[in-house]
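Mind docking chain B on chain A? Use the hints.
There are 2 protein chains.
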Amino acid sequence: MDFLKTTDQDFAAKFSALVNNRRESRVDVSVAVQEIIANVKVRGDEAIREYTSCFDNHSPTSFGLSQKAITYYAQQCSADITTALEFAAERITAFHQKQVPQNFVYTDSVGVNLSLNWVPLSTVGIYVPGGRASYPSSVLMNALPAKIAGVRRIIMTVPTPNGKINPAVLAAAQVAGITEIYCIGGAQAIAALAYGTASIAPVDKIIGPGNAYVTEAKRQVHGTVGIDNIAGPSEILVVADDKNNPEWIAWDLLSQAEHDPCAQSILITDSIDFAQTVIDSIAGILPCLSTRKVADASWKEHGAVIVVDNLDASIPLVNQLAPEHLELCVDDPHQLAQHIRCAGSIFLGRYTPEAIGDYVGGPNHVLPTARSARFSSGLSIYDFMKRITYLECGKQSLQKIGKAAVILAEAEGLPAHARSISTRLQ
Amino acid sequence: MDFLKTTDQDFAAKFSALVNNRRESRVDVSVAVQEIIANVKVRGDEAIREYTSCFDNHSPTSFGLSQKAITYYAQQCSADITTALEFAAERITAFHQKQVPQNFVYTDSVGVNLSLNWVPLSTVGIYVPGGRASYPSSVLMNALPAKIAGVRRIIMTVPTPNGKINPAVLAAAQVAGITEIYCIGGAQAIAALAYGTASIAPVDKIIGPGNAYVTEAKRQVHGTVGIDNIAGPSEILVVADDKNNPEWIAWDLLSQAEHDPCAQSILITDSIDFAQTVIDSIAGILPCLSTRKVADASWKEHGAVIVVDNLDASIPLVNQLAPEHLELCVDDPHQLAQHIRCAGSIFLGRYTPEAIGDYVGGPNHVLPTARSARFSSGLSIYDFMKRITYLECGKQSLQKIGKAAVILAEAEGLPAHARSISTRLQ
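Taken in sequence, the protein lines are chains A and B.
Take the first sequence: its letter number 187 is residue 187 in my numbering, and every next letter is one higher.
Take the second sequence: its letter number 407 is residue 407 in my numbering, and every next letter is one higher.
No lab work stands behind these hints, which were simulated from the structure alone.
Honestly, I wouldn't trust all of these hints.
Identical chains blur together in the list; that is why a pair holds if it fits in one copy or across any two.
[Stated by the list, open to error] Subject to a maximum C-alpha distance of 35 Å in a straight line, what follows is the list of computed DSBU-like cross-link-like pairs (lysine-lysine):
#, residue 1, residue 2
1, 98, 147
2, 14, 41
3, 293, 403
4, 147, 403
5, 395, 243
6, 300, 5
7, 395, 68
8, 395, 14
9, 5, 68
10, 147, 400
11, 68, 293
12, 164, 68
13, 300, 147
14, 395, 5
15, 5, 41
16, 243, 293
17, 164, 403
18, 5, 164
19, 98, 400
Bound conformation, chain A alone (with noise of 0.2 Å):
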């Protein structure tokens, strides 16, 4: 754990090195999993039925589960996580209708139709991992989304070693209305779902995050179809004051410290009692946590403590930052946030965990890591959707527009653009 003062000499050197360290540990797994992908365009279901045996220990006739599969798994899953799940959807729900985006259509002042329609993608796969981050929540954020934007097929994969299915995430997926499972995993999953085979008709585009090799492999199938943003380890940045519960605050910062060795937890603070007795408690909090080994190997390796001389100075760092997840537990956040221009999603005040947001919010808890903030965004409607813009000339509005493209078209020697237009104004 880094412990920086803002009146260090070398705070400048130290928080440049602090934003600039990578935390992904990159394998290189390219040549793996371009085989693996060559390998099931050519052969198909026989080779994902291969790759599923080697990694998955797993032989199913099938790979698509029948409705009555999915009830009775999804029924496995006991009564009181189906219905948080639903209680979750209704929540996403509501939030993600707000984007739904506005078309329009004008004519103008010389006679030309101009418009723009947003249209929904006609086919989504959404990847699930297996093993530990096998998350129920995030089959919700990344598959209603896409329902909302009016996707007509969603479909899922995942891995599931020897042949052990999460009923968790089957609940969600029935709660999410997704009808199309497959239980197939790695860079072979992503490789049917871009190429198709006999029994798995390709989609549009992948998202949901995986490991390496589904990463590679995403990577590699981009183009042919589209992907989502690669997720970097998960991140936290706090910005408190003394008047915080500092165990709450511990909490928070060991909320993202658990998922991942990789994972970062920072607090920002103008109080240097208070970020010693946050410290204190983190570390009186970690032997008792069965997810300490995690959760420590992340706050030891990546965790920061920055001490301020006011809160306002922290805007600048946290710009910089661009965290993820920004908590701003303070008096007055609407204040500080809105001078924040990087941030995924912003936690404002003293009672909304980041932790909330992961699961009952409503905004969505796909975000953009590793300081992407800066130029893009959480998952939204808007990825399931594309625009196509319309233009309509007239016999007469041509007339009136067509000469200065004429012109342009010659400019840059592109003479069939230029006759296209002219051959029509004569």
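What follows is chain B alone, placed relative to chain A:
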């Protein structure tokens, strides 16, 4: 040129081959580009200077152009071109201003405050190619949406082989209000934009087309900065009945073909006679066209004519081809257009040649190629904005939604998540 009829026995196979034909000739320059980027990262301006001297045969004392120099070169551009650029800028601005999205804020029934703000990126770099593809119109199409989005710093790099500057590009930059211009290009320019050097501050996102080195460099710096969609060779699909002037349609098809030997022009018509007349027209025009070498290569290699029984039968074909540009040269183009779900930009009626949209229509001419209109869109102000979401619970409202989140956190095996909420519920 392929000639297909839907009544052909082997139509499905031939059409599928057309859909899946990848026209991009990818040269693997990844290692060379890696080296250039690494060199610029470490040696900054010195490396840029060496590459510029070596690749562009140009050794300026400074890469940046002064205001005086920008004005000087812009004034070398002829007045009618500058006036046409101003006219185009006005129309492009009007269309993109209609895209300005709405923030939203609401308090839900349990008292939770939720909101979403659209925030412009801080700084964007536009790459403008040198040589033949150095299009002033593209400067406008890239810069104006960024300006309307509210990006404060928009910079441009343009290689100037042998120190030669394209006045029309500088005039376009001036019309678009770009005041920071560097005369560098290639992978070294992309590296400078992504990582910065002593003389060039880094940007948050890089946009604009380039050669294989530029494209690969953008791929490699993606993540450190945002990038736009990778553009492939241009495409046009014209759906036309036999009431069109065949020569007009011939020019439209050639206007795309003259861009690049890998460009693609496709005609779909319900009249075999009309198809033949257009083909003859093209053959007649080509010998006199100054861009005939490129246009002829593209038409011969990638051109296609598809004869359908009736124009409604073109709809599924169009949606599968997902063309960058679609012209609907028919009596009622709106009737057809409402069924098109995959196309970058649609040009309606007999008086809207695609080229009008390249310059002065208003909608953007940076559009998805290679069937990516299935999942992506043309350039817009949204490409220069990001969304921040906000969540604010109070003591009471957290009580109302917290329990469900605790249940889900526990189900996902994340105890610190659960405790960060439950500790605030007591």
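Quick rundown of the hints versus the structure:
{"no.": "1", "hint": "98 <-> 147", "in the structure": "both (14 Å within a copy, 26 Å between copies)"}
{"no.": "2", "hint": "14 <-> 41", "in the structure": "between (48 Å within a copy, 20 Å between copies)"}
{"no.": "3", "hint": "293 <-> 403", "in the structure": "between (70 Å within a copy, 26 Å between copies)"}
{"no.": "4", "hint": "147 <-> 403", "in the structure": "between (45 Å within a copy, 26 Å between copies)"}
{"no.": "5", "hint": "395 <-> 243", "in the structure": "between (70 Å within a copy, 15 Å between copies)"}
{"no.": "6", "hint": "300 <-> 5", "in the structure": "within (18 Å within a copy, 68 Å between copies)"}
{"no.": "7", "hint": "395 <-> 68", "in the structure": "neither (60 Å within a copy, 43 Å between copies)"}
{"no.": "8", "hint": "395 <-> 14", "in the structure": "neither (65 Å within a copy, 37 Å between copies)"}
{"no.": "9", "hint": "5 <-> 68", "in the structure": "neither (59 Å within a copy, 44 Å between copies)"}
{"no.": "10", "hint": "147 <-> 400", "in the structure": "between (43 Å within a copy, 26 Å between copies)"}
{"no.": "11", "hint": "68 <-> 293", "in the structure": "neither (39 Å within a copy, 61 Å between copies)"}
{"no.": "12", "hint": "164 <-> 68", "in the structure": "within (17 Å within a copy, 70 Å between copies)"}
{"no.": "13", "hint": "300 <-> 147", "in the structure": "neither (40 Å within a copy, 43 Å between copies)"}
{"no.": "14", "hint": "395 <-> 5", "in the structure": "between (69 Å within a copy, 32 Å between copies)"}
{"no.": "15", "hint": "5 <-> 41", "in the structure": "between (55 Å within a copy, 29 Å between copies)"}
{"no.": "16", "hint": "243 <-> 293", "in the structure": "within (30 Å within a copy, 74 Å between copies)"}
{"no.": "17", "hint": "164 <-> 403", "in the structure": "between (67 Å within a copy, 28 Å between copies)"}
{"no.": "18", "hint": "5 <-> 164", "in the structure": "neither (49 Å within a copy, 50 Å between copies)"}
{"no.": "19", "hint": "98 <-> 400", "in the structure": "between (40 Å within a copy, 22 Å between copies)"}
Checked against the numbered hints given earlier, this structure breaks hints 7, 8, 9, 11, 13 and 18; the rest are met.
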